[in-house]
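Read top to bottom, the protein sequences are chains G and W. Reading the first sequence from the start, the letters are residues 1 to 292 in our numbering. Reading the second sequence from the start, the letters are residues 1001 to 1292 in our numbering.
No lab work stands behind these hints: they were computed from the structure. Possibly wrong hints are sitting among the right ones.
Stated by the list, open to error - Mimicking SDA-like on lysine to any residue, the simulated pairs with C-alpha atoms at most 25 Å apart in a straight line are:
no.	chain 1	residue 1	chain 2	residue 2
1	G	167	W	1025
2	G	167	W	1059
3	W	1167	G	102
4	W	1167	G	57
5	W	1167	G	21
6	W	1167	G	109
7	W	1167	G	27
8	G	167	W	1065
9	G	167	W	1165
10	W	1167	G	26
11	G	167	W	1019
12	G	9	G	41
13	W	1167	G	63
14	G	31	G	46
Stated by the list, open to error - Part of the chain G face toward chain W, derived, beta carbon under 7 Å:
no.	residue
15	97
16	104
17	106
18	149
19	150
20	151
21	152
22	159
23	163
24	197
25	203
26	210
27	211
All C-beta atoms in this analysis are idealised placements derived from N, C-alpha and C, irrespective of residue type, glycine included.
2 protein chains.
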Amino acid sequence: MRVWLLDAKGEPLGERRSDEGMLCAAGIGFKNVLDRHLAELGAPDNLPVIICGMAGARQGWIEAPYVETPALLDAVLGGAISVPGNSRDVRIIPGLAQRDADAPDVMRGEETQLAGIAELRQPGSHVVCMPGTHSKWVSIKDGAVTGFGTWMTGELYSILTQQSVLKHSVGGGANAVLVSSEAFATGVETGLTDRADLTSHLFGIRAGGLLLGLRPEDAAARLSGLLIGAEIGAAERRYPATGPVVLVGSGLMYNLYERAFEVAGIEARRADAENAVRYGLFDAAKRCGMIG
Amino acid sequence: MRVWLLDAKGEPLGERRSDEGMLCAAGIGFKNVLDRHLAELGAPDNLPVIICGMAGARQGWIEAPYVETPALLDAVLGGAISVPGNSRDVRIIPGLAQRDADAPDVMRGEETQLAGIAELRQPGSHVVCMPGTHSKWVSIKDGAVTGFGTWMTGELYSILTQQSVLKHSVGGGANAVLVSSEAFATGVETGLTDRADLTSHLFGIRAGGLLLGLRPEDAAARLSGLLIGAEIGAAERRYPATGPVVLVGSGLMYNLYERAFEVAGIEARRADAENAVRYGLFDAAKRCGMIG
Chain G
1 MRVWLLDAKG
11 EPLGERRSDE
21 GMLCAAGIGF
31 KNVLDRHLAE
41 LGAPDNLPVI
51 ICGMAGARQG
61 WIEAPYVETP
71 ALLDAVLGGA
81 ISVPGNSRDV
91 RIIPGLAQRD
101 ADAPDVMRGE
111 ETQLAGIAEL
121 RQPGSHVVCM
131 PGTHSKWVSI
141 KDGAVTGFGT
151 WMTGELYSIL
161 TQQSVLKHSV
171 GGGANAVLVS
181 SEAFATGVET
191 GLTDRADLTS
201 HLFGIRAGGL
211 LLGLRPEDAA
221 ARLSGLLIGA
231 EIGAAERRYP
241 ATGPVVLVGS
251 GLMYNLYERA
261 FEVAGIEARR
271 ADAENAVRYG
281 LFDAAKRCGM
291 IG
Chain W
1001 MRVWLLDAKG
1011 EPLGERRSDE
1021 GMLCAAGIGF
1031 KNVLDRHLAE
1041 LGAPDNLPVI
1051 ICGMAGARQG
1061 WIEAPYVETP
1071 ALLDAVLGGA
1081 ISVPGNSRDV
1091 RIIPGLAQRD
1101 ADAPDVMRGE
1111 ETQLAGIAEL
1121 RQPGSHVVCM
1131 PGTHSKWVSI
1141 KDGAVTGFGT
1151 WMTGELYSIL
1161 TQQSVLKHSV
1171 GGGANAVLVS
1181 SEAFATGVET
1191 GLTDRADLTS
1201 HLFGIRAGGL
1211 LLGLRPEDAA
1221 ARLSGLLIGA
1231 EIGAAERRYP
1241 ATGPVVLVGS
1251 GLMYNLYERA
1261 FEVAGIEARR
1271 ADAENAVRYG
1281 LFDAAKRCGM
1291 IG
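Next comes chain G alone, as it looks inside the complex:
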């Protein structure tokens, strides 16, 4: 989790980061976790708190029921749910649900990032790529989320490199994919084709190590490229973009996707993930009347 202490203009005065996920926070108690971080940040007792993400899940702190697509981002931000039992004003922004029998999907947290990217709330159409454990691709029209999809790219990379037969192939290279790696680029190219036949190419990484001398760092880069390429190829078919794709990210993940878009010949424009969520949270607090 991340906690920011913001001034009256939304500028960060302090920040806390921790590995406490939903299950951990549920165990310790969400209020305990939050109060500890706020105390460390020196937050005044009456400072309101606005939250997004899994704290609003059914198994979270208090359920903030999903808003259904199509969902106007302004309305999502304005619909934060109050958390009772706190001396201060604490609210949780709801997630989004796509209740479509062929492509059911949910998000919690990304809606706030989306709302924090100013251009997405203007008239016009956008396609947004939000890389991560569960990458989201989002179609936005005139400030409303009209549809979205989730690719388990990051989680697949993680369990394949840690739990599958491929762990022998990637060696220590599992977490250090080089953006400039040729193996990454060719992985992306293979993944992009619409008959990518992904699960078969996975074992090819193991066989490549046995037969062709594929080095562990290249095996990791190829796996990363394959999964990201397969995601971009499929998402691009589902959400054809008329302009540049808005790529929301930071760090290595952002750089890998930027390179993959380059390989795919798709124009992408960066939006910083950390700024986006902070802007979205601050705006939600204003919209909900928590701050002036």
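Start from chain G and add chain W according to the hints.
Chain W only, in chain G's frame:
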């Protein structure tokens, strides 16, 4: 591992099964594991032993170097490697390697099953599907393996149901997919399409549980169907069959694939996996002059 005691005609007189995989046997010592099973079966001291599978890997008992494709099955069986240091005649059948830069692949054990299916060693062309942790699809012409591919279907099912976010969705149903399940059939249909977009459909299983009331047993069946359907769809495009696909399997796995082939409208003909490997081993012992 499985050990059979065979009579002079290749009929089984006794059988042993254990969970000892390659890593376990390497730890205890391959010779110790084998000797213990042979003693339990009451095998005479001079009885020859023929082995297939991972015992011939580089990290196995003794390396039986891969035979390269195209590989005549008769020659593979006749090329078993002697294991020194045993009072009896012990040999290991080599695996196959496809040293193709675009589709490198390896098998160990399946070559012996293939050789144990009489029709595959006759003139003519065949496509063979061998479901499992790492499913193999094999193209055979006039008794030779001309090409093959591996789909990590079984392993993906296992790590997704045990290690990923989907473990919450499949509940206790992870290992009990009903062949007759409608969710399995629709999963197969989705997986079969050549734009199956597999990794996105995976998360749809989680969202289906949250939004549409998808039951855990149906979630497991859908996941199984998706993965098997994606395998069959991709493999069929890579290895177009002119006649029925030879489906090598046993138990639930066989039944699921049989149903999936039915959904796909592909004709399949069964070959029993256990008989096949036993016939192959027995024939290898004859070809290598270990028995009369």
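Okay, the hints, checked on the actual structure:
no., hint, in the structure
1, 167(G) with 1025(W), "20 Å, holds"
2, 167(G) with 1059(W), "15 Å, holds"
3, 1167(W) with 102(G), "21 Å, holds"
4, 1167(W) with 57(G), "17 Å, holds"
5, 1167(W) with 21(G), "17 Å, holds"
6, 1167(W) with 109(G), "22 Å, holds"
7, 1167(W) with 27(G), "19 Å, holds"
8, 167(G) with 1065(W), "23 Å, holds"
9, 167(G) with 1165(W), "20 Å, holds"
10, 1167(W) with 26(G), "19 Å, holds"
11, 167(G) with 1019(W), "21 Å, holds"
12, 9(G) with 41(G), "18 Å, holds"
13, 1167(W) with 63(G), "21 Å, holds"
14, 31(G) with 46(G), "15 Å, holds"
15, 97, "6 Å, holds"
16, 104, "4 Å, holds"
17, 106, "5 Å, holds"
18, 149, "5 Å, holds"
19, 150, "4 Å, holds"
20, 151, "5 Å, holds"
21, 152, "5 Å, holds"
22, 159, "5 Å, holds"
23, 163, "5 Å, holds"
24, 197, "4 Å, holds"
25, 203, "4 Å, holds"
26, 210, "6 Å, holds"
27, 211, "5 Å, holds"
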